[in-house]
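Residue numbers (the working numbering), protein chains in the order written: chain D, 1 to 254; chain W, 255 to 520.
No lab work stands behind these hints: they were computed from the structure. Just so you know, even glycine gets a beta-carbon here, dropped at the ideal spot from N, CA and C. Treat the hints with care, since some could be wrong.
[Unchecked claim] Calculated Cβ distances over 10 Å to all of chain W for the following chain D residues:
1. 99
2. 138
3. 177
4. 194
[Claimed, not checked] With a cut-off of at most 25 Å between alpha-carbon atoms, the simulated DMTMM-like pairs for lysine to aspartate or glutamate come out as follows:
5. D:165 / W:276
6. W:392 / D:87
7. W:392 / D:222
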Amino acid sequence: MSTFQQANVLGGRALREALRTPESLVPMLFIPMFFLVVNLGQAGKIFPSGSTSFLHGQSYAAFQLPASLLLAASFGSAALYLVEDIEGGYFDKLRASPVSRSALVIGRLQAEAVKSLVITAVLVVLALPFGVSVASGPLGFLLLLVLTSLWAVVYAGFMQLIALKTRSAAATNSGGLVFFPLLFLTPNFVPRGLLTRPMEIAATFNPVTYVMEALRSLILQDFAWATLARGFGVAAVLGVLMITLNVRLIRQYD
Amino acid sequence: MKFAVEAESLVKQYRGRGGTVEAVRGVDLRVEAGEVFGFLGPNGAGKSTTIRMLTTLMSLTSGTARVAGIDVAAEPDAARRRIGVALQEAGLDPRQTGRELLVLQARLFGSSKPQAARRAQELLELVDLVEAAERRIKGYSGGMKRRLDLASALVHEPEVLFLDEPTTGLDPASRVTVWDELRRINERGTTIFLTTQYLEEADQLCDRLAIIDGGLIVREGTPGQLKSELRQRRGLDADPTLDEVFLDATGRTRERLAGEVQEVSA
């Protein structure tokens, strides 16, 4: 059985696990929608669609949606399930089988990507009543799903690193909170050009900025290829880095 | 002669904040194919560490270990194909059903979907879990979990089965059921390497035993040989029990052991 097939088998198991704990999916929908509604309520009047050029004629909810999508993608539960496997001894059972160490990592991340595709699609549909549309059309919507899922893989990979290193649910949970400062050090409320200089510098060094700008471009405009290339590039590089570090850590796991 | 398990000068050191801890300090072992081999020792003696090294779950600090003729450090995947492992905590996924768990395990060992389904059914019958097969594992009793764990270690018909305290926490009836299953598995030709804290279990099941204490093997032989050696050395009228052999080998008194038990249960 190839690494790819093994990852598929393990990914299937991880998806089954998620479907059997639907309560773990609720925060992935509720909290991002909560932020979308609250941010729209607080700043929607400041940025009316008719007179705010960076909205390209859409509602402020469309500008805010990428932040909510990234937030949902960062709520993946793969790492917490991994800690459960470690604590319960099932991880050792898997390690004692002749499964590629890469498949052990990729299986869960693959399931996280699939979950994120579904959650992102649902969130976009839920955002439609707030005046949001995907300006880049069906292909843009597809790219939006793929890029958000790529980010889900990156962040789940980061959380899995913490899980493998600490083997602790508490530490892994805390790792999830790191995303909040990252999310707010971005052009979250206004485009990068309107940020104060220190904030603009911080946002420029923050990889989340580029993924957010790429998602935003797909929602507000037609295809802005340079912005998309930066967003996909950042997510792909970080994704490869996370998978590499995970595989390395799992090989050294004693 | 090809040994089922062969370890030479096996050492495991951990580096912690308080310095280096030597959990296993040079273990030599030879287990013949087809044997039931018992590995005994008090808490913290190095039993689990040794079994984890032999099953590729832990790196060796130094020494060599071969299982079914394969060097576990040099060819871990080849070794994994020949061994079955059931560790102290029944390593199961509580959200899967018993059947799903066995099918998944068989698939990971390279079986096709139909082969995996057939093997899962055979094993469910072997460990008498057919009726519970479609239930999620979180609802299983301790004994059922142990039997399922045992079944999952057998999906690929391993040459050597490693069991780390397979009956710890089980009621006497479940323990006897597991013993019967182990005997059946051994009769089919599988070598069994088990650790246990129950000396009665070792006496009932094992062809040969080794006792480890402080990371070193302090006694090795058949239960009969070990008892007879102690009887002669102490000039006893009758054969001592395995408990007495264990106490003698580890330099522990009954009082000290009772203290250790209290510590564990506190």
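Hint by hint, here is what the structure shows:
1. 99: 5 Å, violated
2. 138: The assertion about residue 138 of chain D holds, with a minimum of 35 Å to chain W.
3. 177: Non-interface label stands for residue 177 of chain D: nearest chain W Cβ at 26 Å, farther than 10 Å.
4. 194: Consistent with the label, residue 194 of chain D stays out of reach of chain W, its closest Cβ about 47 Å off (over 10 Å).
5. D:165 / W:276: Holds - the C-alpha atoms of residue 276 of chain W and residue 165 of chain D are around 22 Å apart, at most 25 Å.
6. W:392 / D:87: OK: residue 392 of chain W and residue 87 of chain D at ~15 Å, within 25 Å.
7. W:392 / D:222: 50 Å, violated
The structure does not agree with the numbered hints 1 and 7 stated previously, though it agrees with the rest.
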